[in-house]
Structures are given as C-alpha cells and as structure tokens.
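S.K.: So the sequence shown is numbered by full-length UniProt numbering: it starts at 1 and just counts up by one.
No lab work stands behind these hints: they were computed from the structure. All values reported here derive from a predicted model rather than from experimental measurement. Some clues are possibly wrong.
[To be verified] Lysine-lysine pairs mimicking DSS-like chemistry, simulated, CA-CA at most 30 Å apart:
{"hint": "1", "residue 1": "Lys-52", "residue 2": "Lys-137"}
{"hint": "2", "residue 1": "Lys-130", "residue 2": "Lys-52"}
{"hint": "3", "residue 1": "Lys-116", "residue 2": "Lys-162"}
{"hint": "4", "residue 1": "Lys-137", "residue 2": "Lys-204"}
{"hint": "5", "residue 1": "Lys-62", "residue 2": "Lys-175"}
{"hint": "6", "residue 1": "Lys-204", "residue 2": "Lys-220"}
{"hint": "7", "residue 1": "Lys-175", "residue 2": "Lys-52"}
{"hint": "8", "residue 1": "Lys-138", "residue 2": "Lys-204"}
{"hint": "9", "residue 1": "Lys-312", "residue 2": "Lys-382"}
{"hint": "10", "residue 1": "Lys-175", "residue 2": "Lys-162"}
{"hint": "11", "residue 1": "Lys-220", "residue 2": "Lys-116"}
{"hint": "12", "residue 1": "Lys-116", "residue 2": "Lys-52"}
{"hint": "13", "residue 1": "Lys-133", "residue 2": "Lys-52"}
{"hint": "14", "residue 1": "Lys-116", "residue 2": "Lys-130"}
{"hint": "15", "residue 1": "Lys-52", "residue 2": "Lys-220"}
{"hint": "16", "residue 1": "Lys-382", "residue 2": "Lys-278"}
{"hint": "17", "residue 1": "Lys-137", "residue 2": "Lys-220"}
[To be verified] Label pairs and their in silico Cβ distance ranges:
{"hint": "18", "residue 1": "Ala-211", "residue 2": "Glu-369", "range": "20 to 30 Å"}
{"hint": "19", "residue 1": "Pro-129", "residue 2": "Asp-8", "range": "26 to 36 Å"}
{"hint": "20", "residue 1": "Ala-95", "residue 2": "Ile-171", "range": "53 to 63 Å"}
{"hint": "21", "residue 1": "His-7", "residue 2": "Pro-334", "range": "56 to 66 Å"}
{"hint": "22", "residue 1": "Ser-266", "residue 2": "Ile-173", "range": "40 to 50 Å"}
Just so it is clear, CB atoms sit at the ideal spot from N, CA and C, and this is done for glycine as well.
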Amino acid sequence: MDEPDRHDFQSDIDAISEIAAVPSILEVISETTGMGFVAVARVTEGRWVACKVLDAIDFGLKEGSELVVETTICHEITASHEAVAIDDVASSPYAGHHTPLQYGFQSYISVPIIQKDGTLFGTLCAIDPKPAKVNNKKTLTMFRLFAEMIANHLDARIQLLKSEEDLRQEIEISKIREQFVAILGHDLRNPLASMVAGTRMLAKSRLDERAQTVVQMMIKSADRMANLVDNVMDFARGRLGGGISLTLTDAPLQPTLDQVVEEMRSVWADRTIYADFKVSYPMRMDHPRLAQMFSNLLGNALTHGSPDTPIKIVAETTDEAFELWIANAGDPIPEDALERLFQPFTRPVSQGSKEGLGLGLYIAAQIAEAHGGTLSVTSSEKETRFTLHVPVKPNVANAPPR
Numbered sequence: 001m002d003e004p005d006r007h008d009f010q011s012d013i014d015a016i017s018e019i020a021a022v023p024s025i026l027e028v029i030s031e032t033t034g035m036g037f038v039a040v041a042r043v044t045e046g047r048w049v050a051c052k053v054l055d056a057i058d059f060g061l062k063e064g065s066e067l068v069v070e071t072t073i074c075h076e077i078t079a080s081h082e083a084v085a086i087d088d089v090a091s092s093p094y095a096g097h098h099t100p101l102q103y104g105f106q107s108y109i110s111v112p113i114i115q116k117d118g119t120l121f122g123t124l125c126a127i128d129p130k131p132a133k134v135n136n137k138k139t140l141t142m143f144r145l146f147a148e149m150i151a152n153h154l155d156a157r158i159q160l161l162k163s164e165e166d167l168r169q170e171i172e173i174s175k176i177r178e179q180f181v182a183i184l185g186h187d188l189r190n191p192l193a194s195m196v197a198g199t200r201m202l203a204k205s206r207l208d209e210r211a212q213t214v215v216q217m218m219i220k221s222a223d224r225m226a227n228l229v230d231n232v233m234d235f236a237r238g239r240l241g242g243g244i245s246l247t248l249t250d251a252p253l254q255p256t257l258d259q260v261v262e263e264m265r266s267v268w269a270d271r272t273i274y275a276d277f278k279v280s281y282p283m284r285m286d287h288p289r290l291a292q293m294f295s296n297l298l299g300n301a302l303t304h305g306s307p308d309t310p311i312k313i314v315a316e317t318t319d320e321a322f323e324l325w326i327a328n329a330g331d332p333i334p335e336d337a338l339e340r341l342f343q344p345f346t347r348p349v350s351q352g353s354k355e356g357l358g359l360g361l362y363i364a365a366q367i368a369e370a371h372g373g374t375l376s377v378t379s380s381e382k383e384t385r386f387t388l389h390v391p392v393k394p395n396v397a398n399a400p401p402r
C-alpha cells in the first residue's frame, strides 16, 4: 500500500472544519469574484479531497468528496507551488487542457496553502461555468491572504495537538514515576530502618575497641544511605512539579536542632562539634524538613571539613529572622564550583570519592526556599560557611502565629 492510501484525510477535513473563519472566507470569495463553486481541498500526490465547500452551481462535490487528482489543475500546483488563475479558458493557454473540458468550467483560480515547514496542505480554489476576472493582482492577493490565514490556523492546530500529546505523555510518565518513587522509598527505607536500629543497639553493647569501630562505620554507612534515599525521593518529587512539601508547626526549634547535633556526634564520635543555639523566638517551620536540611549541611561539613578542627554551629531567632550557620575548616571551594553548588548532581571535583549523589545541598536549598528563606555559602582559606536565613514576614509560610 503506498503513502497516499495510508493518509488520514478525515483528520484534514476535521482540521479545516475547526477553522471558524473558513465558511466566511468561501462566501467572501464567491461574492467578490462571482464564482459559484469555492473550496478548500487537501491535495497530495495521489488524491484530491474536498475539505470545505461552497457550491452554488450544483457542481456536485461536498465535504469528503474526491476527484481523481490527475484530472485537476491542483495536481500541477503540488509540483510548482504556484497559483493558477484563468479569466476565460477559451482565450487562455488552458483552452485545450483536459481539466476544463472534463469539468466544464470557463473561469478558474487556485492558490496553494503552504504551511510553515514548507509542506503543501492543498489549495484554496474556485471555478465557474462562466468567465470571471480573477487573473489580477487584487484577486490573487486576496486568495493568498486567505490561504496564508488557513495555513496559520493549521500550523497552530498542529502545535496545539502536539502540546496536548506531550502533556498527556508527561502526565502518564509522571504517574509511573510517582508510583516508582513511592515503591522505591518503601522498599529501601524499611530495611534501612532495621539496619540503623540494629547497629545503634549494637553500639550500646559491650564491645571491644575493634568491634566498636566497625559498628560506628556501619552506623555512618547506614545513615548515609538513609540520607541518600531521602534526597533522591525529594529530588524525584520536586522534578515531578510538586516541589518540597511543608507541614508547618509552632513547636520550639531547640529540640530539633539538638537532636540533629546529638545524632551526628554519635555517628562522628571522633569529631568535635561546637553548637550555640539561641532560638527562643517562635517560628512556624516544618521541623522534620528543618532537621533534614540541618543534617545535610552538618553532614557535608563533617565529610569535607578538616578532621582536626571543630565544626562550629550558631543558630539564632529574632523578631526579624531565623539564622543558622555552619562553619568548617579545610580546603576552600573553588570560585567556579561555588556558583553551581546548589544545583542537583553538583559535586566538587577536589573531594574525590567522599561525596554522594550531589543532591544534599540542592535539597537543603529547596527546603530553605520552601520556607521563604535563602541558603548561601562563602568559602576562604580560613573557613567554609553555609548560612540559612529565613525572614519573619506576615502572610508567608514562616510567619509567627498571632
């Protein structure tokens, strides 16, 4: 079966029918030229199909009707992409042409409808058994404007259909992704939770020094895996368009911050962490998210900071803002890397194999943004410092209760 037979001409007929201006265009052409049959035709190499018709001369064609394409002048236009206008067949070069002889018309005009990509959709054409003055600049310009208008509508429809299809596919893919993320989270978190609980229980047992070292390594690995799972889950959900979801409460900040520090101290028993918290002012925040962000930042400082220098943490609330900063000594972050640090999958090359997926700082920045705040970083030979700043403003997520 060749290509013309496979083409869906009904969709072309529907496309022209959806253009509300087409009936008016055909009427204007008929009244202006005095020609009794006006049509928009879909023309391919193998077929001529009427898509919209105004027939005042009983020519006998209606929407969906076909002519043998080789018997039409439109067939020639598919190759030339040039308009044909005949005032009077008898006194024109088409006097002996088979098409006017077969269909009995004396006046004829046909202008190609060419879409944006250069494809010929078909023609805007008119015929009449009597001569008519159509081979002139005014009439040809009118036809070309109408043909261009129809082509623009067709292009817009194609773009709309493509956008709708892309959206439909994206929705389907998003549903599958959401299901995958949910299953992945469940299947990974459950065994990880058991592993973390088991290793922490072992750490409280009477173990020799070598065994205690191994258990601490296991705790670090399990915590790191749990953190990776949380970050991947948040990243996947964020990319699905949901962003970071918050459940805001007015609970005190101190217990949340203390818990993160104590957990990190137990995992990084050989490191020193100095913390100074002055957080008495009430703040509406999502405490699990705050803990996740703080844990990501503190874990980053412990992982990449100098092991011989304490990690310093300061948190303070005022009537204007909540501010938390974490500082560590160590090699400074290169200037070009600082600009990309809060982008997903960004990992400093100088850190070797110590880093994970490169999502921790991205997720931390997203949590800060969800609270209406910012996360910034400065890095020098003296220290690298990450600073969270969440302003207290009315009518935003972090506004204190009244």
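S.K.: For the pair supplied as a hint, Lys-138 and Lys-204, confirm whether the alpha-carbon distance does not exceed 30 Å.
M.R.: violated (95 Å)
S.K.: At the C-beta level, are Ala-95 and Ile-171 separated by a distance inside 53 to 63 Å?
M.R.: With a Cβ separation near 60 Å, Ala-95 and Ile-171 satisfy 53 to 63 Å, so the hint holds.
S.K.: Given the hinted pair Lys-204 and Lys-220, is their alpha-carbon gap at most 30 Å?
M.R.: Judged against 30 Å, a Cα distance of about 15 Å means the pair holds.
S.K.: I want to verify a distance hint. Is the separation of the beta carbons of His-7 and Pro-334 within 56 to 66 Å?
M.R.: holds (58 Å)
S.K.: Quick check: does the Cβ-Cβ distance between Ser-266 and Ile-173 fall within 40 to 50 Å?
M.R.: Taking Cβ atoms as reference, Ser-266 and Ile-173 lie about 41 Å apart, which means the hint holds.
S.K.: Are the Cα atoms of Lys-62 and Lys-175 separated by 30 Å or less?
M.R.: Outside the cut-off at roughly 45 Å; violated.
S.K.: Is Lys-130 within 30 Å of Lys-52, Cα to Cα?
M.R.: It holds: about 22 Å lies between the C-alpha atoms, which stays within 30 Å.
S.K.: Are Pro-129 and Asp-8 spaced within 26 to 36 Å by their CB atoms?
M.R.: holds (34 Å)
S.K.: Is the straight-line distance between the alpha-carbon of Lys-133 and that of Lys-52 30 Å or less?
M.R.: The given pair, whose Cα atoms are some 23 Å apart, holds under the 30 Å limit.
S.K.: Would you mind confirming whether the straight-line C-alpha gap from Lys-116 to Lys-130 stays at or under 30 Å?
M.R.: violated (35 Å)
S.K.: Under the criterion that the straight-line Cα-Cα distance not exceed 30 Å, is the pair Lys-52, Lys-220 satisfied?
M.R.: violated (73 Å)
S.K.: Check whether the Cα positions of Lys-312 and Lys-382 lie no farther apart than 30 Å.
M.R.: Cα-Cα ~13 Å, so holds.
Hints 4, 5, 7, 8, 11, 14, 15, 17, 18 from the earlier list are contradicted by this structure; the remaining hints agree with it.
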